[in-house]
Every structure is written in C-alpha cells, then in structure tokens.
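Line by line, the protein sequences give chains R and G.
With this note's numbering, letter number 41 in the first sequence gets 41, and the count goes up by one each step, no holes.
With this note's numbering, letter number 211 in the second sequence gets 211, and the count goes up by one each step, no holes.
A hint or two may mislead.
Chain copies aren't distinguished; within one or between two, either way the pair holds.
Below, a list of computed lysine-lysine pairs in the DSBU-like style, where the Cα atoms sit at most 35 Å apart [said to hold, decoys possible]:
#1 Lys144 / Lys199
#2 Lys226 / Lys37
#3 Lys250 / Lys78
#4 Lys3 / Lys235
#5 Lys92 / Lys226
#6 Lys199 / Lys226
#7 Lys250 / Lys43
#8 Lys148 / Lys43
#9 Lys43 / Lys226
#10 Lys226 / Lys29
#11 Lys37 / Lys199
#12 Lys235 / Lys24
#13 Lys29 / Lys148
#14 Lys235 / Lys199
#15 Lys3 / Lys24
#16 Lys3 / Lys78
#17 Lys43 / Lys24
#18 Lys235 / Lys250
#19 Lys214 / Lys250
Quick caveat, the hints were computed from the structure, so don't treat them as lab data.
Number of protein chains: 2
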Amino acid sequence: MIKIVIIGAGNVAQHLLSAFFESKIVVVKQIFSRTPKTILNVKTIRINNFETIENADLYIISVSDDAIEAILTQLPFKNRLVVTTSAVFDPKGVAQNNRIGTFYPLQSFSKNKEIDFSSIPICIEAQDQEDIDLLQTVAQTISKTVCKLTLLQRKNLHLAAVFANNFVNLMYQISHDICQSNQLPFALLQPLILETAQKVAQISPQAAQTGPAKRQDMSTIEAHQKLIDDPTYQKIYALLTQTIIANANKL
Amino acid sequence: MIKIVIIGAGNVAQHLLSAFFESKIVVVKQIFSRTPKTILNVKTIRINNFETIENADLYIISVSDDAIEAILTQLPFKNRLVVTTSAVFDPKGVAQNNRIGTFYPLQSFSKNKEIDFSSIPICIEAQDQEDIDLLQTVAQTISKTVCKLTLLQRKNLHLAAVFANNFVNLMYQISHDICQSNQLPFALLQPLILETAQKVAQISPQAAQTGPAKRQDMSTIEAHQKLIDDPTYQKIYALLTQTIIANANKL
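The shape of chain R in the complex, shown without the other chains (with noise of 0.2 Å):
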C-alpha cells in the first residue's frame, strides 16, 4: 500500500480523503487538521502536530496558497515526497528540505456538493522520475486523466480556469440580475446554460459562437445597451461585444 499523509482539512483536502478511501493501493494513514470537525473514516487518523507525523511515501498539503510556505518550513523530516494541491504555488525561493511536487485537481470544489472525483484532470509535477511514477499511480487510483505539465502550463491551465470558471460565473450572475429586474425566473435560462458548456465538447468555441454580436446586428446590440442601467454591465456587455466583432471579422 501506498501511504499518504494530507494536510489540511479544506475542500480539497476534505474530497481527497473521500476520494482515496475505495482504493484498494493508496491509504491515508493521517489528516493533518487543526479543527475537530474534520470528516474521517475508518483507515484515517486526525493529528493536529507534526510531531506525531508518520512516515508515508507522500505528503499532500491541502492548504491556502500563502499558508504552503510556513508549513514547508514546519516539516520534522527530510527528502521525502511532499506535494501542494495549488495552481500556482512556485517552489523556487522557498528552502525545501524535501521533494517538492505538485498534485493539482482541476476543479472548483465546494462544501456539501458530491463530486465525481474520476472525471477530474489531475495535474502532476516532480523533478525525479520515480517521483512522477509515484503521482501518477497515486493520481490514477482517482481519477481517469492525469497529465504531467510544467509550472508554467499549470499556471496557464490556471489562467484558463478563471476564464471558463470564475468569469463565466460572473456572466451567469449578470444574467440572474437581469432576470430579477425584470421578474423573469432564472431557470427559464438552465436549458440554454448546459447546452452553451455541452456544446463546446463537440465543436470549438469559436465555431459555436453565435448571437448578435456575431452576426453584426447593431440594432439590437443599441437596443440592449438601452435596456441595462448598471454603468459596469454596460462596460462589459460593450467590451465583450466589440471583442466578438473583432474575432468575427478576423476569421
């Protein structure tokens, strides 16, 4: 068996342990936490003291970016395998007693929400290569795309995430507003959401792009800029449209 020690009792961390805990080659022996509340099961101790830390042939550390470094610092052991969950942790600056890799779910993880961790990309970085073996056993036993990137991959697949995640959610948020203002319930748009993402599966985003922005329909584009009162979705909804424009005309 594979032992694993994790530390940190976020979300990730929290799905981590779930997610480990059928494999029948990977174990975690121990959850670092300094919070009683954390989840456990059966095969799993919670310790809140690097004193008490076991042995195992890999440390995940599961904690907010600018927490990694103290907790680096704090390990009572050497040359050992010891990993982060962050996008965009940089190991060089930072003294390292140890192995330093990466072990990066791409997934934006919340509390109370089941996910179905074997279609998460789990993305792995080490300098050895019997390190990198080791991860993507490790990695395998969870999920079914494991991909070996660079830093500076990571930190673009990063980039991308905020993209396709957070700003995407931003324009969902602005939708829902307007939708408010106008007593219109939200879910009306559901039907249209899932088939926006499902569609881009299939074709590329720049062949699915449809809309008046891309047809060049200025007169509804006037209309719409009539219609919103917030002076920032105005900003956006001009950018955004003149950006389509120019990707339309440059194909």
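We have chain R already, so just place chain G on it with the hints.
Chain G only, in chain R's frame:
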C-alpha cells in the same frame, strides 16, 4: 388538428418542423422556403410563393429580424394569427393586417445538432386571450416550459441570454486560446465547464463564485495579468476581476 404554416427555413424553422412532427394535435401543412434543400416530412409541403399559402390557424415566421417586416407586408390575407420566433421584434409601427404575436424558443440552435425541444422554454405573446390560449396549446405540445411574457420581458430575457450564452462562449474561447498557446488540451477544462454550468441550477451564481478575484488574492491576480499577452484579453481580465471584487465587497 391545429393547422400551422411555417415561413422560413433556418435553424429555428427546421427544428420547429421536426418538433411538431410527432404531435397529435398540431400539423405543419406547409413550410415557405426559397431553398429546395429544406428538409421536409410526409405531412408538410414546401411552397415558395405566397399565392399558394393555405388557410391555417397559425403562421410562424422564423426568419432573420430584419426580414420580418417585408414578410408581414407580403402575406396575402388578413386578420389571422401570425407570430414571429424573434427575441426582439416589436410590431409597433409596422403595418399590421393580421394579429401579430410571439412564439420565441429560448435556445441557441445549431445546424446538424439534435435538440430535445421538450426542455426548451417557449415564450409566447399575443393580444387576445383566445390567441394566447392557442399559442399555449401549440407550445405545450413540444415543450414542458411555456411562459407568457411582455415585449419588455422578452427583450430583457434575450439580453440575459446574451450574457449566459454568447458572452459565456467568448470566455470559453479565450480559455481555449490560452490552452492552445501553452500546448494544453482544452478538453482538460470540460469537467470544470460542465460543473460550473450545472452548479447554478442548484445555488445562485452569487453563492457559486470562487477564484482569486472572489478571494481578493492579489498576488495570483497580478501573476495572471503578467501571463496574458493579448491586450484585449488583459482588459477583459481586469474589468471582470474588478467587478467580482466589487460584488464581493457589496455583500
């Protein structure tokens, strides 16, 4: 049987024709189309001359917005129920020999992509109660969700759809570009894209927001801004990040 004539042969017209085919209470007698490529079924005859248009209970005009007025003036009859599938068409000021209404399916239709019409909301509008009832009956034969909207509501719903569909798709495209520039398969983002879309069916977009802007994680935001080459994408990143930060501070 309720007799319908469809005028137009674009994506919406073709999808409507297919959707009505199974109905036991609605029959599409004719489709007006100038192109012989129109896909027909055994119940429907193609016409390309308004002289041969039959007597029907409902005429559905499904053409581009700027062609609607010309069609309306060519119709060789009076006082019949004529609806458009347009999101934004306003019959005010247009010469009206007939009873003009709306039959607007809220979806982005692509050619060659099957669609389950039953999940697509249909927005209806008409002056007389009798006409509203007929549109409701017709819409219900193909969709589970039918709603009566005013012109202003319909225009705002279309605006909300531009954010939730066209602008969301632009975010996918930028994400796709970033992946491509960094030798990352865009498919890695598919599970995140789908999860983001599905989440807002369960919790509000406001509650679903995550990411560096929401956390006001300025060091990640600055790092992202350095990664982006395209000046337009930089502008979009800055504006949307500022908006999410401002929203978070409002709470």
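- Item | Numbered hints the structure breaks, given as an ascending list | When the structure is compared with the hints, numbers 2, 3, 4, 7, 9, 10, 12 turn out to be violated.
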